[in-house]
Amino acid sequence: MYAAVDNFPALLIWLPLVGALLAFFMRSEAASKNVSVFFSLLALAVVGTSLFYVENKHQALNQVSYVWLPGLESSFSFILDGLTRTLCLLTAISFPLIFLFIPVGKYKQPNAFYGLMMLTQCGLMGVFMATDALVFYLFWELALIPVYFLSSIWGGEKRIRATFKFFIYTFVGSLFMLIGIIYIYLKTSGSFNLVNFYNAALTNQEQGWLFALFFIAFAIKMPLFPFHTWQPDAYEQSPTPVTMVLSGIMVKMGLFGLLRWLIAMLPAGAKAHQSMVFILAVVGMIYASLIAIRQDNIKRLIAYSSIAHIGLMALGVFTFKQVAVTGMVMQMFTHGINVIALWMVADLIERQTGTMSMKELGGLAKKAPNLAIFMLVFAFANIALPLTNAFVGEFMIFSGVYDVSAWWAAGAGISIILSAVYTLNMVKNVFYGEVATVAQGFVDIRPMQSFVFVVLTVLIFFVGVYPGPFLSMIGETVTLIVNKLTGI
Amino acid sequence: MNSILVSVLWGVLMMYAGFLTKNKRSMTALAVVGAMAVLIFNALEYMGLSLFELDTRGMLFYNPYSFIFLAVMHAALLIYFLLSGSEIEELSAAPSDHYALIFFVMSGISIIAGMKSLLMLFLGIEIISIPLYVLAGSDKSNLKSNEAALKYFLMGAFSTGLMLMGIAFLYGDSGTFYLEGINMGATEMSPLKAIGGVLILASMAFKVSAVPFHFWTPDVYDGSPTVFTSFMATIVKSAAFFAFLKLFDGAFGKIQGQWQLLLSVIAAFTLVVGNITAVFQQSMKRMLSYSSIAQAGFMVMGIVAMNLMSKQGLILYFAAYSIASLTLFAVLAKLKDHSIEALNGFAKTQPLVAGVMLISLLSLAGIPLTAGFFAKYFILVSVLKSGSMYWLPILAIICAAVSVYYYFRVIQAMYFREAGEGSAATPAFKGSFKVLMIVCAVLILALGIHPDWLMDLL
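Taken in sequence, the protein lines are chains A and B. Numbering of the first sequence is given in my numbering, commencing with residue 18 and proceeding in unit increments. Numbering of the second sequence is given in my numbering, commencing with residue 303 and proceeding in unit increments.
Looking at chain A on its own, in the form it has when it is part of the complex (with noise of 0.2 Å):
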């Protein structure tokens, strides 16, 4: 593990992982922040420029592996495919955006706040790129120690409950993943390298109740309903940097988990329990678009409708289709974007008017002209209109749903209406009407914060008008995992 760093994964977990290091030690706000961004640059550098090595001959840059225990037969095997390409981009395009909307003196101790941000981000990676169950295990964690301590200092006044649940369940649901990795590990020829977790021997039955420990830990990450009670307390409570972080990236670990940690790995597993999840999934996103109408706290809203397109995103994995998984793997890039960007909005009303219920606010689009035009956007892209970028990935999906049932389709059609619903009425209670009493000495975005929306708005209207070389990327590695699952 102390090889020259010549490859695109290395870096990517070196790189956080020296400016979480760099950015704890510094004396000033400024300097921490500072170091953090530029780190987080660094990295969205890497994975810019690995974009223009994917072909075959450039695996030697795309793939690494370190000796790390030869007793135990585990290394540090990562590697950059179209799947984990596209949410390391993700993380890479995320973290800086979110340092960059942080306002200076918002959070004590700062350089402890960037520090825990910045490992995170190397958690992230790790968990994207592992190739080695152990490994894949060890980020898995990684990940959400500093989350879990970034939640708890700085969140709100519930935090310390509402972040522990949220700790507890996640343990829990790791554990049982271990247990899972343990007895595979256990039926390979000796190895917690991928390749071998593919090829191991293991009957149907064994199958079964293997996909009930992976799929549980998953289940809860992402989270998909019933495993959902500890998400809206913990976004609420969080830090909104830390939200963002929760619900734009770390749901993903979920989804991704599922793509190339369980269905490729015990397809037999996976099927038989199809319907299964097809009830759990299209349930839950309804279950949550009602709440979200009914809900008067926008963060609180935000983090239902997320519940309800993570359902969608679950959908899609499990119907097995190359349509529907590529299109989920590009709504999983969306979805943060949006939802990030939804955040953000959320988070500058607070700000100003220290209330986040939509009785006491209103008219805010007389006051933030600019604002309001942003919102809408993201709003619209929320809602997957046509153009924006949640539009291809959803559509793509439905399609693949529709192919294995249109009563599935129709189900889960339902939660796409009632998202409109929600969302707009969000809109039309905060940004239009009498302006509200707290609003009265609303100012518009500053110059960072227009640059940060700027950014987020060409992306979603980017991937929405020319998704061509996203699918295309992903493409690729989702025929590799819906292969595994054409023959059982």
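Keep in mind the hints are simulated off the structure, nothing from the lab. Just so you know, even glycine gets a beta-carbon here, dropped at the ideal spot from N, CA and C. It is possible that part of the hints are untrue.
Partner residues are not named here, just some residues of chain A that face chain B (Cβ under 8 Å, in silico) [said to hold, decoys possible]:
hint, residue
1, Leu-155
2, Ser-169
3, Ile-170
4, Ile-177
5, Phe-188
6, Leu-192
7, Tyr-200
8, Leu-203
Following the hints, position chain B against chain A.
Coordinates of chain B only, in the frame set by chain A:
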């Protein structure tokens, strides 16, 4: 055998040190030198340099595994003296007596490490236990300490009786005290052997505080002076487990199928009772007592599996658990108030010590990148490897999740809560103490990132 001799000689030397000097600091220094000497001489014997040869008729035999175990124990002793020496000094006018007793315990542990005969088992266990009765009651003016000593003595004597009875039955069955002799030929369980085995199992379960023989543990650990609780809960407990392991591997290895289920039930109850009870504790000292029962449950699982992996894993477990608990107890011994609330806002006033405690707690909870994760990992793998008992690891991980609850309560107090009226005035920690704490944290992390460093020795 070096380590028996050096431990005993140093124990005697410590006794006389009380006559030579009244300076407590120099007594501690002498004890630290002694711990180093035991460590070095044990290592020398491992490399082939024995101080003396003695024909023990095969009753004592040291293989590399025993040496590594002893090295871990000696290293833990050294850390213990360095971290908690000043508390031992404070406790009485003549700390050299206490040091002497601790060295005598170490000689008992050295006997356990090499035992091949039930006689040595008995001898070792008794040499370990008797000085501990004294140490438990060493805070003479404190009623709770007196109670702890009496309770420990009565219960300990009773369990020793059980063990003797068991040894007698086993001797009656096989006509030998040698573990191999008992193991040989016997693929069937005779009634005498069954009775003897169960009696010995009960007494060993008592020594490692496995449920349902755990009732003494919280009271004794809570009542004893914290410095000695630290010693009992870490080094002594690991030694008792090593005896447990050696006995069941050596004498009952062939009939593993006969006792595996019984022991797995004990492991399950130990895990459940230890973890659930720990959740309700308000005092950190009592919480750590119950957590030591909970951790014992995991270690019993290693004995249930009884394969190469679990033997390796247990050594790592001893190391991980001992270092983490030693640091926590060392801080606790310096605090006057042992309630968890007393630690509110501790991270603000003592960021460094709190950081090391954080790492220790994460290690005890089994979070990756700490030694505790791989300790638990090896035990889980070994149980899954032995096949058939899949319910036990599942139960164990649920219990591990429960354990997060009470370990993280301490973390929450230290990091997320503001110092209020309840929090105790934090003592001033010396520079040397802090340095040593950092060393412990580095050890925990090093074993968590690269456990092969220890495992390769085995």
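Hint check results:
1. Leu-155: OK, holds: Leu-155/A within 8 Å of chain B, min 5 Å.
2. Ser-169: holds (5 Å)
3. Ile-170: Where the cut-off is 8 Å and the nearest Cβ of chain B is about 6 Å from Ile-170/A, the hint holds.
4. Ile-177: OK, holds: Ile-177/A within 8 Å of chain B, min 5 Å.
5. Phe-188: Holds - the Cβ of Phe-188/A comes within 8 Å of chain B, reaching about 6 Å at its closest.
6. Leu-192: holds (4 Å)
7. Tyr-200: This interface hint holds because 6 Å falls under the 8 Å limit.
8. Leu-203: holds (6 Å)
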